[in-house]
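Chain A is already provided as a structure; the job is to place chain B on it using the hints.
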Amino acid sequence: MIPELGQFALILAFCLALVQAVLPIAGAAVGKREWMALARPAAAGQFVFVAIAFGVLVYAFLSDDFSVLFVAQHSNTALPTFYKFAATWGGHEGSLLFWITVLAIWTVAVVAGSRSQPQEFSSRVLGVLGIVSAGIMAFALFASNPFTRLSPTPFNGADLNPLLQDPGMVIHPPSLYGGYVGMAVPFAFAVAALLTGRLDKNWARWTRPWTVLAWVWLTCGITLGSGWAYYELGWGGWWAWDPVENSSFMPWLMATALLHSLAVTERRGIFKSWTVLLAIAGFSLSLLGTFLTRSPVLVSVHAFASDPARGMFILGLLGFFSGGGLLLYALRASKLEAEGGFKLLSRETFLLANNILLVIAALVVLWGTLTPVFVDALAHKKVSVGTPWFDLYFLLPTLPLALFLGAGMHSTWKITAGAPLVQRLMWPAALAVAAGIAIPVMLFDKTSLLTIVAAAIGLWVCATALLEPVSRLVRRHAAPLTRAQLGMYLAHLGVGVFILGVTFVSAYTVEKDVALRPGDRAEIGGYEVLLRDVRPVTGPNYTAQEGEFELRRNGRLVTVMKSQQRLYPVQQTELTEAAIDTRIGRDVIIALSKDLGAGAWAVRIHVKPGIRFLWLGSLLMALGGLLAVTDRRYRQPVRASSVVEATAKPAATGT
Amino acid sequence: MWKFAIPLVLLVAIGVFFYRGLSLDPSDVPSALLGRPIPEFSLPSLTDPDRSVGSQDLKGKVVLLNAWGTWCIECRHEHAFLLQLARAGVPIYGFNLRDDRASALDWLATLGNPYVASAFDADATGALDWGITAAPETFLIGRDGKVLFKHISPMTAAVWQRDFVPILQRECASTDCPFLAAAGGL
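Residue numbers (this note's numbering), protein chains in the order written: chain A, 692 to 1346; chain B, 10 to 195.
Treat the hints with care, as some may be off.
Heads up, simulated DSSO-like pairs for lysine-lysine below, C-alpha to C-alpha not over 27 Å straight-line [what the hints assert, rightly or not]:
| no. | chain 1 | residue 1 | chain 2 | residue 2 |
| --- | --- | --- | --- | --- |
| 1 | A | K1137 | A | K1105 |
| 2 | B | K155 | B | K68 |
| 3 | A | K1034 | B | K12 |
| 4 | A | K1137 | A | K1034 |
| 5 | A | K1105 | A | K1026 |
| 6 | B | K12 | A | K1026 |
| 7 | B | K155 | A | K1105 |
| 8 | A | K1105 | A | K723 |
| 9 | A | K1203 | A | K1137 |
Among chain A residues calculated to face chain B with C-beta under 10 Å, some are [claimed, not checked]:
| no. | residue |
| --- | --- |
| 10 | Y1020 |
| 11 | L1061 |
| 12 | Q1263 |
| 13 | L1266 |
Hint data in this document are derived by calculation from the structure and do not stem from the laboratory.
Just so it is clear, the structure is predicted and the values come from calculations on it, not from any experiment.
The C-beta atom is built at its ideal place from N, Cα and C for all residues, glycine as well.
Same shape as in the complex, but just chain B:
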């Protein structure tokens, strides 16, 4: 009898809805910044409190901006890969969040420092402008100072290959990313 198939039909309908709804991938637009210029900021440098790290440092070249903190277990997870990227010549700027300076410096000393420079944002005021809610998050910033991509959760080789390299190949059609040759294959 057909009436006994009604629950199954309903379930399939809900399932299709679920699948469609959830595979739309809302992380495509997690950042209102995508395609927009980076927010202006200027924060003290982690390693040298007298110097500052700010939006001026990020402009005019293709760079990564990585939000991290010593309290963030996942950051420890991605650290090795960030070091690999840095060794391949990718300029990575750090955004040190809600940390204390001593333990952050200790972290870089023991695990290695992949960052060109790290902004020290103890009370996460700068992070607010970037829409950074948690660490780790990694932004890809183009030559024109616009945000090309944002990745939430640890950086891995798979994410790098899947999301970052294709954008970089497009962005670096000319010769302005000297690191692509070395880092493209990571």
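Only chain A is shown next, with the shape it has when bound in the complex:
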């Protein structure tokens, strides 16, 4: 009975989403205030019923209701409660419902934040969000119902994929979905602007905080996903360019381009049609990403063909949202006129370069991700676009991007004087080059040109990001930075730290596969690893062999590490639980893998310098974004005219 209540709540929410999708937009078109006024209550009601539906599915998981097919496929009585909850989004149907829930939360937030906006505009925004919501709900109700019953009811469920049984699974998908779904908000603002035919600086000021928030979620989600792969897969990789990772990275690149383009639109009233295009593209890639990450449908063409109804639905939705958005764009974008121009050497030029390079980077990733799928579908051949391809082609646009970034931060709007800029950046540049050579040479025994170049670029970004905040600290009488500026510098510092992390991880990781018997030792990267013992242990829903290792350096014990080789009997899956010893400068990973017989075990050992910088950099980016969102100007009511805003603030204020 209870699952049917969830189903019923979802149907009601769908009806309300239809109301929210149709009437406010129609009302804005024909000028009926009472129709437009329906947007807010419809959104609120939709949120309530979506929350009920989601709560019912969570309840079905927590109460082991295996009469629900989705629960039976993804849970098991022996599964720890923590993971039963997370299993709610551990498969296609549930994650769709979760997507809908997150969208309802964003919509309610937009409702709350739209009070100061003109009703005609906000009702269009909410209307577009209603269309998105109704589309995804239709997919859930007609082709991916999470509440489908299973008869006869099995005694137990098929268990959650052991790979997903990690604390990361509880927080990674919600964070990633927060970002994916959050991209629907700038999309809705963009489409609303196209419908209105008007896009001014106020529009950019309304859109920007939502974009930054979605970007922050996406940043956290990708970082957590990378960390999850690092901890759970046991091979010490943090990024493998696989389709699922790429599909979260492409919207991130687009969102990054969008929020920089929005900065230009907000300050200068130009790049308008470009901003709108990026908003549409960002959401389209998010949708593609959603389907690639959580559903088996597009992961491989074979899965697609085994359930054509779902595949067609997805293509239809993608075509409807992206196609509809781009059709409107084709019809209306010419109305969005630029309000000014800029000189070649100006902040606008740097941000334009940023945008072009980020879009190229996103297209590189898109090309590498889709090529194998298409080749397989058209020619039945397996091709694989591997890590080296991505590494090379991704570096081509991103290295210059990082170079421009440092200079762009210190340039001014409209026109920048060349000589002072060079003078200002001379010292950071010299420092970056010197330290870029010194650090690899002094800390490590080998080095390469690429390592030095990459390290210098990372240091260059760090130095230029720190320059302004530090010099203001030194000159005590200087005006304090706004939160937006501080956030901008912090996020860019994060980019620099991240580049350094990637550089050192890629250049100086040491890996070794060894066969060890209890009592044996192995040498790696200045460390000594001793296998003390391997013994069987039992977990709640798995059995395992646990190896206990001593990590020694120069004869002194650093730490004792335990790695497990687990067997999950329900899914007949083996999984390595790696042991990781973390220090700020490096990680040591030990993974117990196969039993080689005669008491010997295959053991994989990694030493990874710099990996912490990678996470730290991502964290700084996200924090910078959060700081920028809390800037005062986003909390102030709309000014009567955007012209006032342009003159009221000094031109050199940061992005």
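For chain B alone, kept in the frame of chain A given last:
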């Protein structure tokens, strides 16, 4: 201005490519076995470990071979329909995968046994020759011992009508499928 229509044109091009690419239906050739003779195998019978079930049992008549296991939720899903087919006289052989004998026998005892006989393939060695990657999968095997069709995912009445019955009508043009009259309408 026309330049604003460029993104739309690009999207349509990608969309057409996607649609064409994905509607080619690669499951038409998921099995290298289609149209080829079935692989030779001989495995212990699930119900009677002393007897064996093998390729010899499948030859000379039109039969279905269904891969299943008690760990497979979708198999439970299709079980009722398999029973219907069996009641209509369709000979179904089972390929019990990665299972333990006690729970597999328990499954057949509680849910009913649609199989003429089931091969017991605990470590899935036999399944490898058949290219069976997961359960449920169902093969249609002709009188000449050749694989006529393979279906991945649960058997349903819709799949039976759409994919199996037309092939059977062709295959059983003479009178060698006594079950077609009863099972053709399921």
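Proposed proximity, K1026(A) with K12(B) (alpha carbon, max 27 Å): Holds, at roughly 13 Å.
Evaluation of the interface hint that places Y1020(A) against chain B, nearest CB under 10 Å: At 6 Å from the nearest chain B Cβ, Y1020(A) passes the 10 Å test, so the hint holds.
Interface restraint verdict for L1061(A) against chain B (beta-carbon cut-off 10 Å): holds (9 Å)
Satisfaction of hint between K723(A) and K1105(A), Cα-Cα up to 27 Å: violated (42 Å)
Restraint status (C-alpha distance of K1034(A) to K12(B) at most 27 Å): Given that 27 Å is the threshold and the Cα spacing comes to 24 Å, the pair holds.
Given hint K68(B) paired with K155(B) - CA-CA distance at most 27 Å: holds (9 Å)
Hint consistency between K1137(A) and K1034(A) [alpha-carbon to alpha-carbon, up to 27 Å]: With a Cα-Cα distance of about 44 Å, the restraint between K1137(A) and K1034(A) is violated, given a limit of 27 Å.
Hint validity - L1266(A) Cβ closer than 10 Å to any chain B Cβ: violated (17 Å)
Distance restraint between K1105(A) and K1026(A), which requires alpha-carbon spacing of 27 Å or less: holds (23 Å)
K155(B) paired with K1105(A) [C-alpha distance capped at 27 Å]: With a Cα-Cα distance of about 75 Å, the restraint between K155(B) and K1105(A) is violated, given a limit of 27 Å.
Pair hint K1203(A) and K1137(A), alpha-carbon separation not exceeding 27 Å: holds (18 Å)
Pairwise hint evaluation, K1105(A) against K1137(A), where the allowed Cα distance is 27 Å at most: Violated - the C-alpha atoms of K1105(A) and K1137(A) are around 45 Å apart, more than 27 Å.
Comparing the model with each numbered hint stated earlier shows that hints 1, 4, 7, 8, 13 do not hold.
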